[in-house]
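For the sequence shown, our numbering begins at 1 and goes up steadily by one.
Don't take every hint at face value.
To be verified - Calculated cross-link-like contacts (lysine to aspartate or glutamate; reagent style DMTMM-like; alpha-carbon spacing at most 25 angstroms):
no., residue 1, residue 2
1, K361, D269
2, K501, E513
3, K209, E254
4, K204, D437
5, K440, E481
6, K204, E522
7, K257, D269
8, K168, E146
9, K305, D26
10, K289, D244
11, K440, E350
12, K289, E350
13, K204, D244
14, K257, E350
15, K501, E522
16, K440, E192
17, K458, E350
18, K215, E192
19, K260, D303
20, K305, E511
21, K440, D269
Calculated from the structure, these hints are not laboratory results.
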Amino acid sequence: MKESARTDIRRYLNIRNATSPSFSPDGRSVAFLMNTTGVPQVWRVAADGGWPEQLTFYDEAVRFVYYVPTGPAGRFIFGMDRGGSERAQLYLASANGSEVTDLSKHPDAIHEWGGWSHDGKRIAFSANRTDQSRFDVYVQDVGGVEARLLRQGPGGYFNAGEFSPDGKKLLVLHYPSNANQFVHVLDVASGEDRNLTPHDGEIKYLHPKWSADGKSVYVLTDFHGDFLSLAQIDLATGGLTFIDRPQWDIEAFELSKDGKWLAVSVNQDGASHLVAMRIDVGGSPIVAKLPTGVVEHLTFGPDGKRVVFDLNGPGNNLDVWVWDLEANNVRQLTHASRAGIPDGAFIEPELVRYDSFDGLKIPAWLYMPPADVRGDGKPPVIVYPHGGPESQSRPSFSPIFAFFLNRGYAIFAPNVRGSSGYGTRFMNLDNVRLRTDSVKDLAHGAFWLRDSGKIDPKRLAIYGGSYGGFMVLAAITNYPELYAAAVDVVGIANFVTFLEKTGAYRRAAREAEYGSLERDREFLESISP
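Please build the complete structure, drawing on both the sequences and the hints.
What follows is the structure, given as structure tokens:
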């Protein structure tokens, strides 16, 4: 059964999602965020399945939720800003959400969640309380004591992470740019700082996590390679050993609390492939049987035998799923509303590749409208450049795509040079003075579409937001003859004013990608649409 072409877009925009799951300490329930009311709130559901229960009731969007690892059962911490300010504050709630304590009390600062100490008495977080351009690391006793400044950051992002198993050390990620990071280990008592990954040049180190014994740190890195691999760093020697090196980016990983299991999600040509392996005894990995889509927010249950995560794909809106490792059984735990739109309305794309101006192969997702709404003629097409720019168009869920597909439009979502997911070299091919090469990639995608015979070459539209909006403006400025219509949503029209007005804490990271106001102002002006 196909969705009626008369269905209003508002129904598509009311498709809901469930995300960001967190297991309770006893493993009996899962907290998560769901936007059934229009904005994400905290909900809870039995880990074995059942009817979910809403726990927070705010007009503001809740950004994250984590159970307290010990203490009175069911307590949780969540992050929420006011008025869409993006300045998240931290709140501690009772099991039913009726009693809430504001732990932050700094509404003008951004608070980035770090983690719980294993005894559930302290939290770590990063915030730009003292200087808007700099994130510092704080530790706070949740019993009511004011947060203690543990370490002043060097400028920009300096993000708190996990406490060590004994609670004496804290992982911190220094983030000068999207292509360069450093893992630090802080002494919780003294604030003494050790850079665990000193290096020259640009190397990625992401998602650091402690081993179960606290003697090493697991991390994703492109050290000695083009893709993100999983490595283990010995705390005593600083030596690095690779654990898993697929020919694609590892996008996420998680360790069971007992150190026996490792779950890994690999971004393989845009789609997530989830596997788990025993790291205590070895053996072959097991593979999760999932629909095509994107996996995020991996979390082990306390028994180390179950993994909870969220998944979305072309045919699945964002929902929480549970993987039983012993039975190798995956089941959907939540069922966020699809607004009554039938499954047949959601279309799986085809992965295609085309040659750009210099012969570089550009991957793209091509969605064709259902035959019963396409008619006899060739369909118009919407070209969708993603934002970022270090992002990636993936086979994920899009209510906007679904709406236009069921109006007879094709969708073309290319991953031009500069996109993530295809290695560090590919991601760096649009940096600074190479910016317009990605615009050429976009044009050659339109040329490929025009010559493919699949679509109506006279009815190409282009639509994008944020950095994707810049790509729209650049496309119609440099190649106006290609497009019959264009939609820019909050796109970058002027890189100089964008960098001048962007948040001070993120300017250095943005200048590493786009160029420096001091050195590259004339060039930035020349490429601004």
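**Request:** Assess, step by step, whether the Cα of K257 is no farther than 25 angstroms from the Cα of D269, and give holds or violated.
**Result:** This hinted pair is violated, its Cα atoms lying about 30 angstroms apart.
**Restraint status (C-alpha distance of K305 to E511 at most 25 angstroms)** = 44 angstroms, violated
**Message:** For a C-alpha distance cap of 25 angstroms, please report whether K204 and D244 respect it.
**Reply:** 16 angstroms, holds
**Request:** Starting from K440, check that the Cα of E350 is at most 25 angstroms away, please.
**Result:** 22 angstroms, holds
**Asked** Is the Cα-Cα distance between K440 and D269 25 angstroms or less?
**Response** 22 angstroms, holds
**Message:** Tell me if the straight-line CA distance from K260 to D303 falls inside 25 angstroms.
**Reply:** 11 angstroms, holds
**Message:** For K168 and E146, compute the direct alpha-carbon distance and say whether it is at most 25 angstroms.
**Reply:** This hinted pair holds, its Cα atoms lying about 19 angstroms apart.
**Asked** Are K257 and E350 close enough, with their CA atoms no more than 25 angstroms apart?
**Response** It is violated: about 39 angstroms lies between the C-alpha atoms, which goes past 25 angstroms.
**Request:** Would you check the hint for K204 and E522, treating anything up to 25 angstroms between C-alpha atoms as holding?
**Result:** Not OK: K204 and E522 at ~30 angstroms, beyond 25 angstroms, violated.
**Message:** K458 and E350 were given as a pair; does the straight-line alpha-carbon distance stay at or below 25 angstroms?
**Reply:** OK: K458 and E350 at ~22 angstroms, within 25 angstroms.
**Item:** Proposed proximity, E254 with K209 (alpha carbon, max 25 angstroms)
**Value:** 8 angstroms, holds
**Message:** So if I understand the rule, the pair passes when the alpha-carbon distance is 25 angstroms or less; does K440 with E192 pass?
**Reply:** Since the Cα atoms of K440 and E192 sit roughly 48 angstroms apart, the hinted pair is violated (cutoff 25 angstroms).
The structure fails to meet hints 6, 7, 14, 16, 20 from the earlier list, while all remaining hints are met.
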